[in-house]
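*Asks:* Here is what each chain is made of, one letter per residue.
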Amino acid sequence: MYSKYDPDEFDGMEKPSQSLKDPLIIHTVPAHLQNSWESYYMEILMVTGLLAYIMNYIIGKNKNSRLATAWFNSHRELLESNFALVGDDGTSKDAVSTGKLNQENEHIYNLWCSGRVCCEGMLIQLKFVKRQDLLNVLARMMRPVCDQVQIKVTLNDEDMDTFVFAVGTKKAMARMQKEMQDLSEFCSDKPKSGAKYGLPEILAILTEMGEVTDGVMDSKMVHYITNHADKIESIHFSDQFSGTKVVQEDGQPLKLPETKKTLLFTFNVPGMGNTSPKDMDTLLPLMNMVIYSIDKVKKLRLNREGKQKADKNRARVEENFLKQTHNQRQEAAQTRREEKKRAEKERIMSEEDPERQRRLEEAAQRRDQKKIEKKQMKMKQIKVKAM
Amino acid sequence: YRTRQDEDKRRLNCYPPSTEANPTLEDPTPDYMNLLGMIFSMCGLMLKLKWCAWIAVYCSFISFANSRSSEDTKQMMSSFMLSISAVVMSYLQNPQPMSPPW
Chain P
1 MYSKYDPDEF DGMEKPSQSL KDPLIIHTVP AHLQNSWESY YMEILMVTGL
51 LAYIMNYIIG KNKNSRLATA WFNSHRELLE SNFALVGDDG TSKDAVSTGK
101 LNQENEHIYN LWCSGRVCCE GMLIQLKFVK RQDLLNVLAR MMRPVCDQVQ
151 IKVTLNDEDM DTFVFAVGTK KAMARMQKEM QDLSEFCSDK PKSGAKYGLP
201 EILAILTEMG EVTDGVMDSK MVHYITNHAD KIESIHFSDQ FSGTKVVQED
251 GQPLKLPETK KTLLFTFNVP GMGNTSPKDM DTLLPLMNMV IYSIDKVKKL
301 RLNREGKQKA DKNRARVEEN FLKQTHNQRQ EAAQTRREEK KRAEKERIMS
351 EEDPERQRRL EEAAQRRDQK KIEKKQMKMK QIKVKAM
Chain H
1 YRTRQDEDKR RLNCYPPSTE ANPTLEDPTP DYMNLLGMIF SMCGLMLKLK
51 WCAWIAVYCS FISFANSRSS EDTKQMMSSF MLSISAVVMS YLQNPQPMSP
101 PW
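If you read the sequences in order, they're chains P and H.
Each step along the first sequence adds one to the number in UniProt numbering, with nothing skipped, and position 299 is 299.
Each step along the second sequence adds one to the number in UniProt numbering, with nothing skipped, and position 43 is 43.
This is chain H alone, in the form it adopts within the complex (with noise of 0.2 Å):
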């Protein structure tokens, strides 16, 4: 089913651009672990918490592992520095161990 040669040229169509409008909104996933991230990082660094900067670290896993290629590198990286030095931050405050829950 190949047409002539230059038919086929004339009818090239490049990728079209407008697909990329949705992938915003059919996946929120590493925008709100991005935010809940940060949420955590504040909670634990502010209120001396060891679990919510634990939680910090794995949302900004998650985020980073649900992202898209398109996004910036440099915004995955400051939420993971940011959850990292929660975690520090609570250890070098408290350097006693987390007691669990129960």
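Bound-form chain P, shown alone (with noise of 0.2 Å):
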């Protein structure tokens, strides 16, 4: 092919026969320069989830205020009828209805009433599954979780006995004595089966005394219980309520915790998730459970024997925390008075004038040898008293 060209001119060069071998890379187009669309998918595939995401927040948003204003629609009549004031968000001074449950979250919802003889107040909470959250919702398909409603009244100091009494599933009776601080201290034996009283097997009780489980559980309650066992999680009256057991820190003397008398329930919305307006017309029969309950504990009372036991065990309760708390007291005390004899012996130290140094010292001497003299005749005392 080279034949139409004169071979001189090419002298001095290589035969390029040798490039003729080498392979042809042909690089491709960065694929931002490409004009399409398509190299972007996983860009796409991004946003779309988001979008997805965000449709899902909205339906999902939607169906809890549905859910919530069903329920509060079929329930205001009978807390109305019962209560002085409904719905209160907190943010005004005077007592004030609001007449409209009060959003905390797009998936918990909260009423307070008040303003009934035999109680402070109910706060009711509506804790629906997170609709909005996608990942929620995946993570329901394996696991489904139920919407719940907990309803927590507060009970003044006349208005109950002193007992501790719970029913509910199993499930939920093992984990609550667990949990609960009054459950674990005054309830120690296992939960019993519900079969005892008449009511369905899936129940338990756990109870501080057989009187009380005998008082609480009259045949009302039993009725209420059973025809809607599937619904109640968890029922707890309590005059020790202290919410669920803290977790000491160390180093920290501990108080004894603050207890209210409070009745606690826990009931499941029907359709573990897959719940419809309709259904919240379902829970009207519980909350009249709750409303006897209220009037039931106002009557119920121990007699003689039961109270003594009661007053016995929270004596006991006292006693064992007095005594645990006992050694950090005692290693607080230490420390104090340590500290109060270092603050004078600085004192001492940093006085300029030593006539006075050597006053406040011997001041000093004097004070801890009077100390020793008082414990010596305590001692005494005690030995006294003990012959």
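Since the hints were made in silico from the structure, they are not lab data.
Some clues are possibly wrong.
What the hints assert, rightly or not - Quick list of the computed label-pair ranges, beta carbon to beta carbon:
#	chain 1	residue 1	chain 2	residue 2	range
1	H	K48	P	K255	52 to 58 Å
2	P	R367	H	Y32	55 to 61 Å
3	H	Y32	P	M272	25 to 31 Å
Glycine included, each C-beta is placed from N, C-alpha and C at the ideal position.
Bring the two chains, given one by one in their own frames, into a single complex with the hints.
*Replies:* Laid out in structure tokens, this is it:
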């Protein structure tokens, strides 16, 4: 092919035949310079995912809102006929009825009711599942969870006698016995089957003493619970309610936790997550049970034996607590005394006038001597009394 | 069971403020997601990793969906803005599409 060219022209140049054997590398055009959106498919996937999340958020939020409204509409009449104040969001200083639910979250709605004899107030929390969070929706496909309605009735001191009692599903009872401060201290026996009192097998009872169960489980309560056993997660009556067990921090002497007379109800909404607004009506009889319980607890009084037992239990718990914290309190007192002594010594050392220093030292010595003498006197008195 | 009007008024108790102490303990999801979102945004911005930036956007969306109404919207907005800026910066610096891990 080089015949038309003069071979002299190519003097000094290497034979080009080698380069013909090297493969031709064709580089691909970088994807962002190609005029096609197809190469951005990962990004399109991401954006589609985000859009799906937003759609689910809107749909979930609306569903929860509709369920809450349905619940409130079906319960409003009963609540307004029993309580003077229905709905208070805590923003105004005066107790004025707002007449609507207080939305804490996209899945939690609160309602505070007050103004009734026998109780201080009632806080109702509608704890729906997180329908607005797509991750949660996917997690619930593996492990279904129920919507729950939690009702907490706080009572005045004169409205309830001293007892601790709980009834609910076996799982809930086992869990609460471990987690709740009052149930673990006062109801130390294993949960008893509800069948003994005419309740379905799936329910168990935790009680401080048999008399309490007999008093609470009258025929009407048994009737309520049996008819709605599938919706009851737990019912907890306690005059020593202080919430779950607090994890102790080292070095901090604990005070006995504050207790409040409380009735706690946890109900499961039927549907296991796939609830419709109509299902909210089925919870109305349970609210009737709550109102009935408030009145019942006011009338329930332990007999003399029961009261003695209850008082003994409470004294025992307090004593145990004091014993446990005794060491901690002693250590704290010891450190305080040492600090005081150190501070005094420093003060004496920092005194510039040697005369004053000597006087302060003598005063400190005299005080220490007096303390030792006092202690010795006390020991002698105790010995004499013991004799 | 309504008593006389004045008895009702005496017994009216306002919404107890103490119940608000527990929400932070009960559900830490929005706080964790917020933190994760910020971490991923910073990784995406500094290490120029596109997938980090995208995950940061998802984290801030999840944090928003789980947030309590008492929480500051400024915090949410700043987390959003940070994650979106991480995505935008990654693409401005390197407009190539993300390559899948497979």
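*Asks:* Does each hint fit the structure? Answer for all of them.
*Replies:* Hints, verified against the model:
no.: 1; hint: H:K48 with P:K255: 52 to 58 Å; verdict: holds (55 Å)
no.: 2; hint: P:R367 with H:Y32: 55 to 61 Å; verdict: holds (56 Å)
no.: 3; hint: H:Y32 with P:M272: 25 to 31 Å; verdict: holds (27 Å)
The structure is consistent with each of the numbered hints, conforming to all of them.
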